[in-house]
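*Asks:* For reference, the chains in residue letters:
Protein chains: 2
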Amino acid sequence: MAEAASVRAAIGDSEFDRDTAVTLREPGVYDIDLSAGWTIIGAVNGGYLLAVLGRALADALPHGDPFTISAHYLTASQPGPAVVRTDVVRTGRTLSTGQASLFQIDEDGNEVERIRVLASYGDLGSLPDDVRTTAKPPVIPPVEQCFDPQDAPDPVPGGSAITDRLFLKLDPTTLGWALGAPSGKGEMRSWFGLADGRDPDPFALLLAVDALPPTAFELGISGWVPTVELTVHVRSWPAPGPLRVSITTRNLAGGFLEEDAEVWDSADRLVAQSRQLARVKLSG
Amino acid sequence: MAEAASVRAAIGDSEFDRDTAVTLREPGVYDIDLSAGWTIIGAVNGGYLLAVLGRALADALPHGDPFTISAHYLTASQPGPAVVRTDVVRTGRTLSTGQASLFQIDEDGNEVERIRVLASYGDLGSLPDDVRTTAKPPVIPPVEQCFDPQDAPDPVPGGSAITDRLFLKLDPTTLGWALGAPSGKGEMRSWFGLADGRDPDPFALLLAVDALPPTAFELGISGWVPTVELTVHVRSWPAPGPLRVSITTRNLAGGFLEEDAEVWDSADRLVAQSRQLARVKLSG
Numbered sequence: 001m002a003e004a005a006s007v008r009a010a011i012g013d014s015e016f017d018r019d020t021a022v023t024l025r026e027p028g029v030y031d032i033d034l035s036a037g038w039t040i041i042g043a044v045n046g047g048y049l050l051a052v053l054g055r056a057l058a059d060a061l062p063h064g065d066p067f068t069i070s071a072h073y074l075t076a077s078q079p080g081p082a083v084v085r086t087d088v089v090r091t092g093r094t095l096s097t098g099q100a101s102l103f104q105i106d107e108d109g110n111e112v113e114r115i116r117v118l119a120s121y122g123d124l125g126s127l128p129d130d131v132r133t134t135a136k137p138p139v140i141p142p143v144e145q146c147f148d149p150q151d152a153p154d155p156v157p158g159g160s161a162i163t164d165r166l167f168l169k170l171d172p173t174t175l176g177w178a179l180g181a182p183s184g185k186g187e188m189r190s191w192f193g194l195a196d197g198r199d200p201d202p203f204a205l206l207l208a209v210d211a212l213p214p215t216a217f218e219l220g221i222s223g224w225v226p227t228v229e230l231t232v233h234v235r236s237w238p239a240p241g242p243l244r245v246s247i248t249t250r251n252l253a254g255g256f257l258e259e260d261a262e263v264w265d266s267a268d269r270l271v272a273q274s275r276q277l278a279r280v281k282l283s284g
Numbered sequence: 001m002a003e004a005a006s007v008r009a010a011i012g013d014s015e016f017d018r019d020t021a022v023t024l025r026e027p028g029v030y031d032i033d034l035s036a037g038w039t040i041i042g043a044v045n046g047g048y049l050l051a052v053l054g055r056a057l058a059d060a061l062p063h064g065d066p067f068t069i070s071a072h073y074l075t076a077s078q079p080g081p082a083v084v085r086t087d088v089v090r091t092g093r094t095l096s097t098g099q100a101s102l103f104q105i106d107e108d109g110n111e112v113e114r115i116r117v118l119a120s121y122g123d124l125g126s127l128p129d130d131v132r133t134t135a136k137p138p139v140i141p142p143v144e145q146c147f148d149p150q151d152a153p154d155p156v157p158g159g160s161a162i163t164d165r166l167f168l169k170l171d172p173t174t175l176g177w178a179l180g181a182p183s184g185k186g187e188m189r190s191w192f193g194l195a196d197g198r199d200p201d202p203f204a205l206l207l208a209v210d211a212l213p214p215t216a217f218e219l220g221i222s223g224w225v226p227t228v229e230l231t232v233h234v235r236s237w238p239a240p241g242p243l244r245v246s247i248t249t250r251n252l253a254g255g256f257l258e259e260d261a262e263v264w265d266s267a268d269r270l271v272a273q274s275r276q277l278a279r280v281k282l283s284g
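The listed protein sequences derive, respectively, from chains A and B. Under full-length UniProt numbering, the first residue of the first sequence is numbered 1, with each subsequent residue one higher. Under full-length UniProt numbering, the first residue of the second sequence is numbered 1, with each subsequent residue one higher.
By construction, these hints were calculated from the structure, which means they are not laboratory data. One thing to keep in mind: the hints can contain errors.
Identical copies carry no separate label here, and so any pair may be met within one copy or between two of them.
Straight line, CA to CA, 30 Å or less: simulated DSS-like cross-link-like pairs of lysine-lysine [to be verified]:
1) Lys185 <-> Lys136
2) Lys281 <-> Lys136
3) Lys185 <-> Lys281
Here the structure is a predicted model, which is why all the values come from computation and not from measurement.
Extracted from the complex, chain A is given alone in its bound form (with noise of 0.2 Å):
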């Protein structure tokens, strides 16, 4: 990756690994400090959070992989100290099924659920090797030819320091906003990989399906646009190497929208999908 650090990280020692890792307190429970490095205007970012979700039940589950997960946002996740407590739901041999939350203390004293998850979980090195994709990878231009979001002419307000800690080449057909001529179009397309290397895992693609600009911004709605349900589907191991991520809205209607984001890895193969309904809240 162009942007690489000269010696990359290795998956399982890296600022991502380093930020999601949960410490078990006692049996289903663990304990996060959310990490400031993965907020964008003060918000601790979605994706983040269901890595953080996802690696608890990685540990409280028999099987170590995310096939699926549901997560619905309920509150504002804050950095700093947090709690998850999982819930194992059924298991069995191929697959086993868990829930999990992530509570903080707010500013009373109260414990506050953030987010709740539910999620079925198998082993992706255990499944046969026999592909009968009909999608097409998305077409996005060479990375040299795509920009950073920093590259904007109106850098995010209140910055974002998830930026600094991803590698994102946006294409330049879905950056419209950028310039203030949003396309109409509810497209959002990039290259993803993490900042300091490391090659993506199922984790990071938990990662990468929230970690874009909203589509939202080529639709005209320059507004905050909070997730209210985000599923995963992982579907392969992904490749070393940089990932594709295309985002598409197709009913932006009643006040809501959903964005649906397909990730490709650099053998050509869908990686993951996702869906998300997300609330508009234009700004006032």
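Given chain A, work out where chain B should sit, using these hints.
*Replies:* For chain B alone, kept in the frame of chain A given last:
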């Protein structure tokens, strides 16, 4: 609708309403007798089960309409008594989030969890009327040129009670499988309604997304395709009249596939979107 009963059933007073009605046993706990009328080859239909859980949550939460509901299917449900336990996760002004599980007693007298769902509810009637949908309704031939599932030369072995309760008129271009010549495309399209003429509501949409033959049939797979996880977004209260359902599979790989459903109402609105992850179990 062509085959509707001469007197159309009304919402609240129909077969579907009676068969999904839950009875409050104690706060948050509901009894239901799962009807054998919504089975296919003996298995209770996943969309019918989702409607049952959806109705329990509508009672338990302060909001009545499912906006996004995610179900993980754990074990196969049987017709007969079941209990639904609900948990209010968070109540808000616009959205409330709840969890529900359906349990049955197995042959050994143990209580077994069949399905667990996580859902956020709101009030569809309160949504603004803005629509900026870029998706287009599926093109399905007129009802008279479409086919009942019963028209297949090889009717489903073991019978399928559910088809008697549905108004399904399948697009002949997605019925190659029924003639032994699957198209190789992961597509299935149909007109959809309830056989007694009851108009659709949000709970009928939960049924609609999982009522067509599996797209896997058109991919040449004749085995069983059990749902692992199903998430439905209900985006609008459906207009009266028949619905059009379009299901697409783009990624059959590693023994799993996704099914994406779109449900369009008679007013050409995209009223529901769903995605499920299903397992391919080849018949022996």
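*Asks:* Up to 30 Å between alpha-carbons, please classify lysine 185 paired with lysine 136: within, between, both or neither.
*Replies:* So lysine 185 and lysine 136 pass the 30 Å test inside a copy (19 Å) and across (14 Å) alike.
*Asks:* Within a copy, between copies, both or neither: where do lysine 281 and lysine 136 come within 30 Å Cα-Cα?
*Replies:* between (33 Å within a copy, 25 Å between copies)
*Asks:* With identical chains, the pair lysine 185 and lysine 281 could be close in the same copy or across copies; at 30 Å between alpha carbons, which is it: within, between, both, or neither?
*Replies:* This pair counts as within: shortest intra-copy Cα distance 19 Å, inter-copy 38 Å.
When the structure is compared with the earlier hints, no violation turns up for any of them.
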